[in-house]
Amino acid sequence: MFDEAENQEPLSGRDETRRHSIRSVERAIELLQSLNRRPISTLHDLHLETGLPKPSIVRLLRTLEAKGMVAQSSSYGTYQLLSHVKTLSCGFHHEPLIIEVADEIMVEFTKREGWPLALALFDVDAMIVRASTIPYTSLSLLHSSLNMRLPMTSRAMGRCYLAHCSPNERRIIFEIIKQSGNEEDRRWSDWHKLAELLRTARKQGYATRDRTIEPRSSTMAIPVMGNGRVIASLGLTWISVAMTEARAAQLYYPMLVDIAQQISEALAERVKKTGTQPTPSPFHDLKHRYLQQTQPFH
Numbered sequence: 003m004f005d006e007a008e009n010q011e012p013l014s015g016r017d018e019t020r021r022h023s024i025r026s027v028e029r030a031i032e033l034l035q036s037l038n039r040r041p042i043s044t045l046h047d048l049h050l051e052t053g054l055p056k057p058s059i060v061r062l063l064r065t066l067e068a069k070g071m072v073a074q075s076s077s078y079g080t081y082q083l084l085s086h087v088k089t090l091s092c093g094f095h096h097e098p099l100i101i102e103v104a105d106e107i108m109v110e111f112t113k114r115e116g117w118p119l120a121l122a123l124f125d126v127d128a129m130i131v132r133a134s135t136i137p138y139t140s141l142s143l144l145h146s147s148l149n150m151r152l153p154m155t156s157r158a159m160g161r162c163y164l165a166h167c168s169p170n171e172r173r174i175i176f177e178i179i180k181q182s183g184n185e186e187d188r189r190w191s192d193w194h195k196l197a198e199l200l201r202t203a204r205k206q207g208y209a210t211r212d213r214t215i216e217p218r219s220s221t222m223a224i225p226v227m228g229n230g231r232v233i234a235s236l237g238l239t240w241i242s243v244a245m246t247e248a249r250a251a252q253l254y255y256p257m258l259v260d261i262a263q264q265i266s267e268a269l270a271e272r273v274k275k276t277g278t279q280p281t282p283s284p285f286h287d288l289k290h291r292y293l294q295q296t297q298p299f300h
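Numbering (the numbering used here), first residue to last: 3 to 300.
FYI, nobody ran anything at the bench for these hints, they're computed from the structure.
Quick caveat: nothing in here was measured; it's all calculated off a predicted structure.
Errors might be hidden in some of the hints.
To be verified - Here are the simulated lysine to any residue pairs, SDA-like style, with alpha carbons at most 20 Å apart: (1) 113 to 85; (2) 113 to 74; (3) 195 to 218; (4) 113 to 125; (5) 113 to 148; (6) 205 to 263; (7) 275 to 205; (8) 113 to 241; (9) 69 to 58; (10) 205 to 216; (11) 274 to 231; (12) 205 to 241; (13) 274 to 205; (14) 274 to 146.
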């Protein structure tokens, strides 16, 4: 009895080409799926997750860029999905859209003024930096802040979000961060004192970082609003010895307000143009997960 493989006819040139084409499609799908799992991906991230050779990934990324589905982020070597991927009916959500519209606006500011900006989104018990203009300036003590998780109670981005989210969302976030075990959050066990600080932030329009945290630099953050709720925090960081908080607020607070407004308007326009429905507030998923793990509180 012959082996089954010995009974198979050799592949024709057309069949070989078809098999190669199918594998190319499979690789493109794998790459899109990998890109969809993170708001921002590096070439190394994609290589580790897909197992594809880096030269192949680069070729596929260039093809997807040409089709308007992928773009390089403000930080060299990172990639993100664009809203055109919605034409595939999957893989597009609110995060890459706000990053997409904010990136150019933020970069323009940093190229003009020198100081880096960052855009952070809420994630369960922290703010995650999803866009940063550090690559466009030498006036930064960090090489990169992308994907940094910033505690809610001690950092300007977190305080800004807490100051402008709904009271019910803020109450649930408080309960979660009490149990998170984060060292910085544990320092703010006096929630009445924190509530007073948040009221001050709402009144003056911006939040600042705890001065005992990384004192060589300072950050002020304002909210980016959408559909009547806070959807992100926009932060400006400067080297502390260069100017006081009062001077920074005098010089840059009006500019930050203008940038946040531009981002909100650009996001609304892009949503209208593409027909993309903004995602619900992260509070809805947060509340669901929290109530699954704990008893309702009053």
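Hint check results:
Proposed proximity of residue 113 and residue 85 is contradicted: the alpha carbons are some 26 Å apart, above 20 Å. Annotation: proposed proximity of residue 113 to residue 74 holds, straight-line Cα distance about 18 Å (limit 20 Å). A threshold of 20 Å between alpha carbons decides the hint, and for residue 195 with residue 218 the separation of about 25 Å lies outside it, so the pair is violated. Note on residue 113 and residue 125: the hinted pairing is violated, with a Cα-Cα distance of about 29 Å set against a maximum of 20 Å.
For the suggested pair residue 113 and residue 148, the alpha carbons sit about 18 Å apart, so the restraint of at most 20 Å is met. Of the pairs offered as hints, the one joining residue 205 and residue 263 holds, with about 18 Å between alpha carbons and a cut-off of 20 Å not exceeded. For the proposed pair residue 275 and residue 205, the alpha carbon gap of about 34 Å is over 20 Å, so the pair is violated. Proposed proximity of residue 113 and residue 241 is supported: the alpha carbons are some 17 Å apart, at most 20 Å.
The hinted pair formed by residue 69 and residue 58 meets the criterion: a straight-line CA distance of about 17 Å does not exceed 20 Å. A threshold of 20 Å between alpha carbons decides the hint, and for residue 205 with residue 216 the separation of about 25 Å lies outside it, so the pair is violated. The straight-line distance between the Cα atoms of residue 274 and residue 231 is roughly 18 Å, inside the 20 Å bound, and the hint therefore holds. For the hint pairing residue 205 with residue 241, the CA-to-CA distance comes to about 25 Å; that exceeds 20 Å, so the pair is violated.
Restraint check: the Cα-Cα separation between residue 274 and residue 205 comes to about 32 Å, which exceeds 20 Å; the hinted pair is violated. Pair hint residue 274 plus residue 146 does not hold up; C-alpha atoms about 33 Å apart against a cutoff of 20 Å.
Of the numbered hints stated above, those contradicted by the structure are hints 1, 3, 4, 7, 10, 12, 13, 14, listed in ascending order.
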